[in-house]
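Q: Given next are the chains, with one letter for each unit.
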Amino acid sequence: MKQHRLKRLYGVLFIVFCSALAFILVYFAIKDNVNLFYSPSDLFENPPQGRNAIRAGGLVEIGSLKRSTDSLEIAFIITDLKNSIAVNYIGILPDLFKENAGVVATGYFDKNKMSLDAYQILAKHDENYVPKEVKKALEK
Amino acid sequence: MDFGEFNIHIWSVVSATGIICLVLIYLPLAKIKKNESKIKNNETT
Amino acid sequence: MFQTLKNFYHKLGSFPWFYKISGKVIPFAGVLSISLIVISSIWGLFFSPTDAVQGDVYRIIYFHVPAVSVSQVIYYSMSIAAAVFLIWRMKMAGVYIKSLAPIGAAFTFIGLMSGAIWGQPTWGTWWVWDARLTSTLVLFLFYLAIIGMQSTFASRKSADTAVSIITLVGVVNLPIVKKSVDWWNTLHQPASISITGESSISSEMLLPLLLSILGIYLFVFFTGLLSMRAEISTREQNKDWFKKVSNYN
Numbered sequence: 029m030k031q032h033r034l035k036r037l038y039g040v041l042f043i044v045f046c047s048a049l050a051f052i053l054v055y056f057a058i059k060d061n062v063n064l065f066y067s068p069s070d071l072f073e074n075p076p077q078g079r080n081a082i083r084a085g086g087l088v089e090i091g092s093l094k095r096s097t098d099s100l101e102i103a104f105i106i107t108d109l110k111n112s113i114a115v116n117y118i119g120i121l122p123d124l125f126k127e128n129a130g131v132v133a134t135g136y137f138d139k140n141k142m143s144l145d146a147y148q149i150l151a152k153h154d155e156n157y158v159p160k161e162v163k164k165a166l167e168k
Numbered sequence: 084m085d086f087g088e089f090n091i092h093i094w095s096v097v098s099a100t101g102i103i104c105l106v107l108i109y110l111p112l113a114k115i116k117k118n119e120s121k122i123k124n125n126e127t128t
Numbered sequence: 014m015f016q017t018l019k020n021f022y023h024k025l026g027s028f029p030w031f032y033k034i035s036g037k038v039i040p041f042a043g044v045l046s047i048s049l050i051v052i053s054s055i056w057g058l059f060f061s062p063t064d065a066v067q068g069d070v071y072r073i074i075y076f077h078v079p080a081v082s083v084s085q086v087i088y089y090s091m092s093i094a095a096a097v098f099l100i101w102r103m104k105m106a107g108v109y110i111k112s113l114a115p116i117g118a119a120f121t122f123i124g125l126m127s128g129a130i131w132g133q134p135t136w137g138t139w140w141v142w143d144a145r146l147t148s149t150l151v152l153f154l155f156y157l158a159i160i161g162m163q164s165t166f167a168s169r170k171s172a173d174t175a176v177s178i179i180t181l182v183g184v185v186n187l188p189i190v191k192k193s194v195d196w197w198n199t200l201h202q203p204a205s206i207s208i209t210g211e212s213s214i215s216s217e218m219l220l221p222l223l224l225s226i227l228g229i230y231l232f233v234f235f236t237g238l239l240s241m242r243a244e245i246s247t248r249e250q251n252k253d254w255f256k257k258v259s260n261y262n
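Chains as they are written, first to last, in my numbering: chain A, 29 to 168; chain B, 84 to 128; chain C, 14 to 262.
Note that these hints are calculated values from the structure, not bench results.
Computed from a predicted structure; not experimentally measured.
All C-beta atoms, glycine included, are put in the ideal place defined by N, C-alpha and C.
You may find that some hints are simply not true.
Stated by the list, open to error - A few chain C positions that, by computed beta-carbon distances, are all more than 10 Å from chain A:
{"hint": "1", "residue": "Pro-29"}
{"hint": "2", "residue": "Gly-36"}
{"hint": "3", "residue": "Thr-63"}
{"hint": "4", "residue": "Ile-74"}
{"hint": "5", "residue": "Ser-90"}
{"hint": "6", "residue": "Leu-99"}
{"hint": "7", "residue": "Ala-172"}
{"hint": "8", "residue": "Thr-199"}
{"hint": "9", "residue": "Pro-203"}
{"hint": "10", "residue": "Ile-214"}
{"hint": "11", "residue": "Leu-231"}
{"hint": "12", "residue": "Asp-253"}
Said to hold, decoys possible - Calculated cross-link-like contacts (lysine-lysine; reagent style DSSO-like; alpha-carbon spacing at most 27 Å):
{"hint": "13", "chain 1": "C", "residue 1": "Lys-37", "chain 2": "C", "residue 2": "Lys-252"}
{"hint": "14", "chain 1": "B", "residue 1": "Lys-114", "chain 2": "C", "residue 2": "Lys-24"}
{"hint": "15", "chain 1": "C", "residue 1": "Lys-192", "chain 2": "B", "residue 2": "Lys-121"}
{"hint": "16", "chain 1": "A", "residue 1": "Lys-110", "chain 2": "A", "residue 2": "Lys-160"}
{"hint": "17", "chain 1": "C", "residue 1": "Lys-104", "chain 2": "C", "residue 2": "Lys-257"}
{"hint": "18", "chain 1": "C", "residue 1": "Lys-192", "chain 2": "B", "residue 2": "Lys-117"}
{"hint": "19", "chain 1": "A", "residue 1": "Lys-30", "chain 2": "C", "residue 2": "Lys-252"}
{"hint": "20", "chain 1": "C", "residue 1": "Lys-192", "chain 2": "B", "residue 2": "Lys-116"}
{"hint": "21", "chain 1": "A", "residue 1": "Lys-110", "chain 2": "C", "residue 2": "Lys-192"}
Stated by the list, open to error - Quick list of simulated restraints, FRET-style, between CB atoms:
{"hint": "22", "chain 1": "B", "residue 1": "Ser-95", "chain 2": "A", "residue 2": "Arg-95", "range": "29 to 39 Å"}
{"hint": "23", "chain 1": "B", "residue 1": "Ser-95", "chain 2": "A", "residue 2": "Asn-116", "range": "26 to 36 Å"}
{"hint": "24", "chain 1": "A", "residue 1": "Lys-141", "chain 2": "C", "residue 2": "Leu-219", "range": "40 to 50 Å"}
The whole structure should be built from the sequences, with the hints applied where relevant.
A: Okay, structure coming up:
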């Protein structure tokens, strides 16, 4: 390659390098805030300080879902199969919410009781796409 | 999906995608036509 | 072999040659890509099986996945063109970036919009600030910056240079978009299609998806050629070869 082109190639590499460095520095600055939610184990190891709302995510423990008969109040347990926290919520659940499926709950955490008073429940879809008929056949 | 069923979520995505794709075809075509005809007009006048 | 490649590369830099060849390729690419998109859409919307968990709304995947996938590939190709422009001063590379940026922005927008419309019934929200969604929004903003910068320069050459630099700055964001779902906790699910391992989407649903991805890639090839032609017809308006071609048509 000719000399002046080689020089410009280094220029190009330098731009990409600087930009990568900038992205990495930003990443280290906001590292703890990139995760959308805490897992129950995170909450056990490092209970969040202060009274800000947090998000907790994991699986809805099988058999833990309790619905109130006369209101929209519900209670369930979020687990990451090592630790678990209790969640209370009043409101309507997304369609995909069910036991043993992923969930992200936003609310206020009580570290003494290890429970979360949620004001928003989001269902997390996994990467599996299975036809209805196949699933029915598998469950038989 | 059944043919008779109407799902607002799906059809809004389909129609928005369709419109954007048509715009992506139309805009450059119109520009080419305009530029080529501009030359022709200059030549004839 | 190397010599033919080199010849091709030099021809690729020639506006008259490109204008002639693209005019021949465009009709075929157009017909093929649009019919592929129509076939895969009908297959995906009506004939592929309903998802066990999400129901019919999962069919948005046949528009969402191809759009975001192609928007990332367009950006990668634009950054290669940016390097070519900066190193070899190839004018065609500038034309490429300018023509493809709006297409990339359009497909990033389709990806974000279809994702929001899918997220509302399945997750329970249109938007969350998780790593995947945010980095895709950053990609969209880079596209907008590239489009916006085009008109802020007096000369074509300085505009192309500045745009190339911005394009290269943004390329670092792409691996983040791709890997965000593996590196961090996100609401967005990890990839369902795997090239090396087994895909976590059933084959009856995967087949129309792959077809729709192919269709969109061809469509971008088609509209990419079309808008590059449009850009060349603007830039070369006063050149003799263009006058000759226009009068001949």
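Q: Does the claim that Ala-172 of chain C lies off the interface hold, with its Cβ farther than 10 Å from every Cβ of chain A?
A: Its Cβ never comes within 10 Å of chain A, the nearest being 17 Å, so this holds.
Q: Any Cβ of chain A at or closer than 10 Å to Leu-231 of chain C, or is the non-interface label fine?
A: 24 Å, holds
Q: Is the Cβ of Leu-99 of chain C farther than 10 Å from every Cβ of chain A?
A: 5 Å, violated
Q: Does Lys-192 of chain C pair with Lys-121 of chain B here, judged by a C-alpha cut-off of 27 Å?
A: Violated. Lys-192 of chain C to Lys-121 of chain B sits at ~49 Å, over the 27 Å cutoff.
Q: The output says Gly-36 of chain C does not contact chain A. Does that hold with a beta carbon cutoff of 10 Å?
A: 32 Å, holds
Q: Can the suggested window of 26 to 36 Å be confirmed for the beta-carbon pair Ser-95 of chain B and Asn-116 of chain A?
A: 35 Å, holds
Q: Closest CB-CB distance from Pro-203 of chain C to chain A, is it above 10 Å?
A: For Pro-203 of chain C, whose nearest Cβ neighbour in chain A is about 5 Å away, the distance does not exceed 10 Å, so it is violated.
Q: Ser-95 of chain B and Arg-95 of chain A, beta-carbon distance inside 29 to 39 Å?
A: Because 32 Å falls inside the window, the suggested range holds.
Q: Verify that the Cβ of Thr-63 of chain C lies farther than 10 Å from every Cβ atom of chain A, and report whether the claim holds or is violated.
A: Check fails; 5 Å does not lie beyond 10 Å.
Q: So does Lys-141 of chain A sit 40 to 50 Å from Leu-219 of chain C, Cβ to Cβ?
A: 45 Å, holds
Q: Please verify that the nearest CB of chain A lies beyond 10 Å from Thr-199 of chain C's CB.
A: 5 Å, violated
Q: Given the hinted pair Lys-104 of chain C and Lys-257 of chain C, is their alpha-carbon gap at most 27 Å?
A: Holds. Lys-104 of chain C to Lys-257 of chain C sits at ~21 Å (cutoff 27 Å).
In summary, the structure is inconsistent with hints 3, 4, 6, 8, 9, 10, 15, 16, 18, 19, 20 from the numbered list given earlier, while agreeing with the others.
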